[in-house]
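Participant: Knowing the structure of chain E, use the given hints to seat chain Z on it.
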Amino acid sequence: MEVDTAKIDSIIEKYNRDRSYMLAMFQDVQRLYRYLPKEAISYICKQLDIPFSKGYEMATFYKALSLKPRGRHTIHVCLGTACHLRGGPNILETFERELHIKTGETTEDGRFSIETVNCLGACALAPLVRVDEHDFGKTTQAVVKKIINEFTDGVKS
Amino acid sequence: MKEFKINGRKVQAEKGETVLEVARREGFDIPTLCYHEKLGSDGRCRLCIVEVQRGNRRRFVTSCLYPVENGIDVYTDSKDVILIRKTILELLLARCPSSDIVQHLASEYGVHDVRYTKDVDKGKCILCGQCIRTCESIVGVSALCMSGKGPAKKVTTPFDEPSEVCIGCGACAVVCPTGHIYIEDRGGYRTIWRKKFELARCPQCNRLHAPIEQLEFISKKTGVDIDELLICQNCK
Chain E
6 MEVDTAKIDS IIEKYNRDRS YMLAMFQDVQ RLYRYLPKEA ISYICKQLDI
56 PFSKGYEMAT FYKALSLKPR GRHTIHVCLG TACHLRGGPN ILETFERELH
106 IKTGETTEDG RFSIETVNCL GACALAPLVR VDEHDFGKTT QAVVKKIINE
156 FTDGVKS
Chain Z
178 MKEFKINGRK VQAEKGETVL EVARREGFDI PTLCYHEKLG SDGRCRLCIV
228 EVQRGNRRRF VTSCLYPVEN GIDVYTDSKD VILIRKTILE LLLARCPSSD
278 IVQHLASEYG VHDVRYTKDV DKGKCILCGQ CIRTCESIVG VSALCMSGKG
328 PAKKVTTPFD EPSEVCIGCG ACAVVCPTGH IYIEDRGGYR TIWRKKFELA
378 RCPQCNRLHA PIEQLEFISK KTGVDIDELL ICQNCK
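Read top to bottom, the protein sequences are chains E and Z. The opening position of the first sequence corresponds to residue 6 in this note's numbering, with each subsequent residue numbered one higher. The opening position of the second sequence corresponds to residue 178 in this note's numbering, with each subsequent residue numbered one higher.
This is chain E alone, in the form it adopts within the complex (with noise of 0.2 angstroms):
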C-alpha cells in the first residue's frame, strides 16, 4: 500500500521527532488509516532512525495497533465477567454468525470489524456492546440485528 507520506511528516512534525512519541505516532497513522500500514511503520522508523524491528515490535505489542485494515465500523463486545456471565459469549457469536466473520476479522465490504474487549467498566449494563462511540446495554440477540442494520443503512455511518 502506499501511504501518504507528508501526512506522516506532519504527523511526525507534531511530536517534533521526538523517538518517545513513537506510539502515539501510529496512534495518528492507524487513526488515518484505520490501521497501521507496513509502509508507515517502516516511514516513521527511517525518519525517526529506528531500527524497522522495533517499530514492528511495538506495533505488534499493543492490541490497540492493527496491522490489519480495519473496518468503518469497530463492534467491541465486551466479555468482561459480568458481562460473560450475561450472555457476552452469546452475542459475541450472533455477530460473527450475522456478519460471517471471526474475531479480529473484517467484512468484505469493509464497513465492519468484530473485536472482543475484557471489559468496559459498565458491568450494570452488561452485556454491553460498543460500535464505535455508540453503547448498546443489555444486549439481546434480537438487538444484534438492530445494531447491524442501524451501521448498515447509513444512520451512523
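Note that these hints are calculated values from the structure, not bench results. Bear in mind that the values here come from a model prediction, so they are computed numbers and not experimental data. Any given hint could be a false lead.
[Unchecked claim] With a straight-line Cα cutoff of 20 angstroms, these simulated PhoX-like cross-link-like pairs (lysine-lysine) come out:
1. Z:Lys-372 - Z:Lys-331
2. Z:Lys-331 - E:Lys-73
3. Z:Lys-330 - E:Lys-59
4. Z:Lys-215 - Z:Lys-192
Facilitator: Same frame as chain E, now just chain Z:
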C-alpha cells in the same frame, strides 16, 4: 567493596556486581540459560533464582540481576530454591519438550514428568532474547525482534518476511542457548530467517566461508577493502 555470604562462605565483591557474577567467580554452581557475559543480564530464563536473606526478610531473586549488598546471606541451593528451580524447569520443558539442554537440566534436577500441556508450536525457543540483543548490540543491525505478546510471543523478523538488514552472519544462531534458530549452509548458499545468502569463496583455498552481504557490511563498517575480506581467516 561489599562483603556478604554465599552458602555460609564469606565473599567479597565490587559495588555494582551481580550475585551471579560473584557466585560463579567463587565457584558456586548456578544454572542459567539466558545469561551471557558479553550481553549482560535480562532475567528471562529465571533459572538463576537464589534465596537472599537480609535480617528477617527472605526473598527469591534472579541472581543475574540482583546487585551485591553488604551483609546479605545468599543460598544457591536451599530446599526452596531447588523446588522453585524444578518448577521453572518443568515449565520450560512444557514449552520446549524437544530442547536437549532443557531436557538435560530437567533430568539433572529430577524433573521427568510435565504436569502441563506440552507446546508443539514453540520449537526450542525459550524467549531469552539473546539473539535479539546480539543482533542489536554486537552485530549492530537489529534484524530481529519479538512479535506479539502472551502465548503468541515469538522471535522473528518484521512481518515474518526476509529482513532487509540481516547480513546472514549467523551470530543469533551461535548465541542461542537451545539451538532453536535454523541455519543451513548448502550448495554455496546460507539460509537463515527465511533469507538466502550467497556465500563468498576464498580465492586462495577455494573454501566457502562467509555470506557476501556480511563481508560487504564489514567492509562498509571498517573501511577494509572487500577483496581483502574475501580471503578467509585460515589463509590470512
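Participant: Z:Lys-331 and E:Lys-73 were given as a pair; does the straight-line alpha-carbon distance stay at or below 20 angstroms?
Facilitator: Holds. Z:Lys-331 to E:Lys-73 sits at ~19 angstroms (cutoff 20 angstroms).
Participant: Take the C-alpha atoms of Z:Lys-372 and Z:Lys-331, compute the straight-line distance between them, and say whether it is at most 20 angstroms.
Facilitator: 18 angstroms, holds
Participant: For a C-alpha distance cap of 20 angstroms, please report whether Z:Lys-330 and E:Lys-59 respect it.
Facilitator: Satisfied, since the Cα-Cα distance of roughly 14 angstroms is no more than 20 angstroms.
Participant: Are the Cα positions of Z:Lys-215 and Z:Lys-192 separated by 20 angstroms at most?
Facilitator: 19 angstroms, holds
Going through the hint list in order, the structure satisfies each hint without exception.
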